[in-house]
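Chemist: Sequence:
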Amino acid sequence: MKTGAEIFRIMTDDEEMFFSFSFPTPPEDDKGTAHIIEHSVLSGSKSFDVADPFETCSSLSALSYINAETHPDWTTYPVASTVKKDFISAFRMYADAVFNPLLKKETFLKEGVRGIFEQNGDLTGFTGVVCNEMREGESTRPKRMMDGIRRITAKGPDRFDSGGSIMCVPFLSYEEFISYYRRHYAPENCVLTIYGGSDCDELLDILDADFLSRPTASEYFSCGGDSDGAKRMIPEYSDFADRYGDASMMELRKLKSGGFLEVPFSNLDADKPSFAMVFDTGIYMSDP
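Using the working numbering, the first residue of the sequence shown is number 220, and each one after it goes up by one.
Honestly, the hints are just simulated from the structure, not real lab data. Note that the structure is a prediction, hence the values are computed from the model and not measured. We put the CB at the ideal spot given by N, CA and C, even for glycine. Heads up, a few of these hints could be off.
Restricting the straight-line Cα-Cα distance to at most 30 Å, the calculated cross-link-like pairs of lysine-lysine (BS3-like) are [what the hints assert, rightly or not]:
(1) Lys329 with Lys303
(2) Lys362 with Lys374
(3) Lys324 with Lys265
(4) Lys265 with Lys303
(5) Lys265 with Lys323
(6) Lys329 with Lys265
(7) Lys304 with Lys265
Simulated restraints, written as ranges between beta carbons of each label pair [said to hold, decoys possible]:
(8) Asp232 with Arg370: 44 to 54 Å
(9) Glu421 with Arg370: 42 to 52 Å
(10) Asp427 with Met364: 40 to 50 Å
(11) Asp232 with Glu288: 20 to 30 Å
(12) Val269 with Glu394: 18 to 28 Å
(13) Glu395 with Ser266: 21 to 31 Å
(14) Thr301 with Ile371: 45 to 55 Å
(15) Glu247 with Met364: 42 to 52 Å
(16) Tyr284 with Thr359: 22 to 32 Å
(17) Phe390 with Lys362: 12 to 22 Å
Required output: the full structure, derived from the provided sequences and hints.
Modeler: So this is what it looks like as structure tokens:
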């Protein structure tokens with residue numbers, strides 16, 4: 220697209236439609252910034268200033284899948300549905316969430332971390348949705364073991380916990396939180412995946428008209444390949460239903476070469492999970 224966003228479209232006659240907005244979010248420390256942002260963007264946006272837009276979106280009866288996920292170095296917001304009306308409504312709500320979130324300070328304190336004080340003003344601990352999630356996770360022996368191995372063996376952003384460490388999350392400031400969002404959640408850092416028989420042009424028109432006029436990011440994170448905004452088509456994978464797994468994912472990853480890639484699929488096996496449920500957008504967030 221003209222904004223620099225990467226578009227990956229999988230064309231199929233599957234009745235289930237799927238989209239996901241994904242962003243490279245490499246951790247810079249163990250404060251869990253990307254994780255807290257993932258929670259916070261779904262807590263109110265410019266056009267959906269309600270207490271819990273995620274719950275509102277989840278209440279759409281025809282959505283077959285809805286989530287938000289923080290991975291080691293990328294964050295994704297996937298939705299699937301078999302009903303076009305609800306699919307479009309969810310697309311608008313999620314687009315507004317990732318590109319126009321309110322990110323109020325009270326949301327940061329609720330979803331991230333805030334102090335617990337006694338009546339005399341003494342600080343006795345910390346709480347918050349992400350803070351409590353990570354405290355619970357770090358209470359398990361396997362989690363502590365994997366964290367130790369990662370810190371010893373990994374380099375660069377991989378040595379940090381994208382979810383956040385309970386020892387570091389309390390040190391994240393609201394200013395750092397806002398700065399990280401602005402550097403990572405701009406259109407040129409976005410990978411949009413669209414699957415199924417939905418009208419791709421309609422979705423792109425919605426994006427162009429309502430969401431893609433915001434300022435650009437101060438940093439650009441390559442999503443792989445040399446994107447020139449061109450629309451490309453690759454040969455049909457008629458046998459994809461027999462090729463679920465890492466090999467197929469890697470082959471698709473190598474075929475991605477530009478800003479807009481269309482992949483036609485047919486003959487999906489009805490006895491296997493929908494492609495929308497197994498597709499891993501993360502393969503497009505780093506170079507092959």
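Chemist: Each of the hints needs a verdict: does it hold here or not?
Modeler: So, going through the hints one by one against the coordinates:
1. Lys329 with Lys303: Given pair lysine 329, lysine 303 is violated - Cα atoms ~34 Å apart, limit 30 Å.
2. Lys362 with Lys374: Status holds; Cα separation ~19 Å.
3. Lys324 with Lys265: holds (15 Å)
4. Lys265 with Lys303: Given pair lysine 265, lysine 303 holds - Cα atoms ~23 Å apart, limit 30 Å.
5. Lys265 with Lys323: Holds, because 11 Å separates the two Cα atoms, which is no more than 30 Å.
6. Lys329 with Lys265: Roughly 19 Å separates the two Cα atoms, so the pair holds.
7. Lys304 with Lys265: holds (21 Å)
8. Asp232 with Arg370: 44 to 54 Å: Since the Cβ atoms of aspartate 232 and arginine 370 sit about 47 Å apart, the hinted range of 44 to 54 Å holds.
9. Glu421 with Arg370: 42 to 52 Å: About 46 Å separates the Cβ atoms of glutamate 421 and arginine 370, which means 42 to 52 Å holds.
10. Asp427 with Met364: 40 to 50 Å: Holds, at about 47 Å.
11. Asp232 with Glu288: 20 to 30 Å: holds (27 Å)
12. Val269 with Glu394: 18 to 28 Å: holds (26 Å)
13. Glu395 with Ser266: 21 to 31 Å: holds (26 Å)
14. Thr301 with Ile371: 45 to 55 Å: Holds: the Cβ-Cβ distance is about 46 Å, inside 45 to 55 Å.
15. Glu247 with Met364: 42 to 52 Å: violated (24 Å)
16. Tyr284 with Thr359: 22 to 32 Å: holds (27 Å)
17. Phe390 with Lys362: 12 to 22 Å: For lysine 362 against phenylalanine 390, whose Cβ atoms are near 20 Å apart, the range 12 to 22 Å holds.
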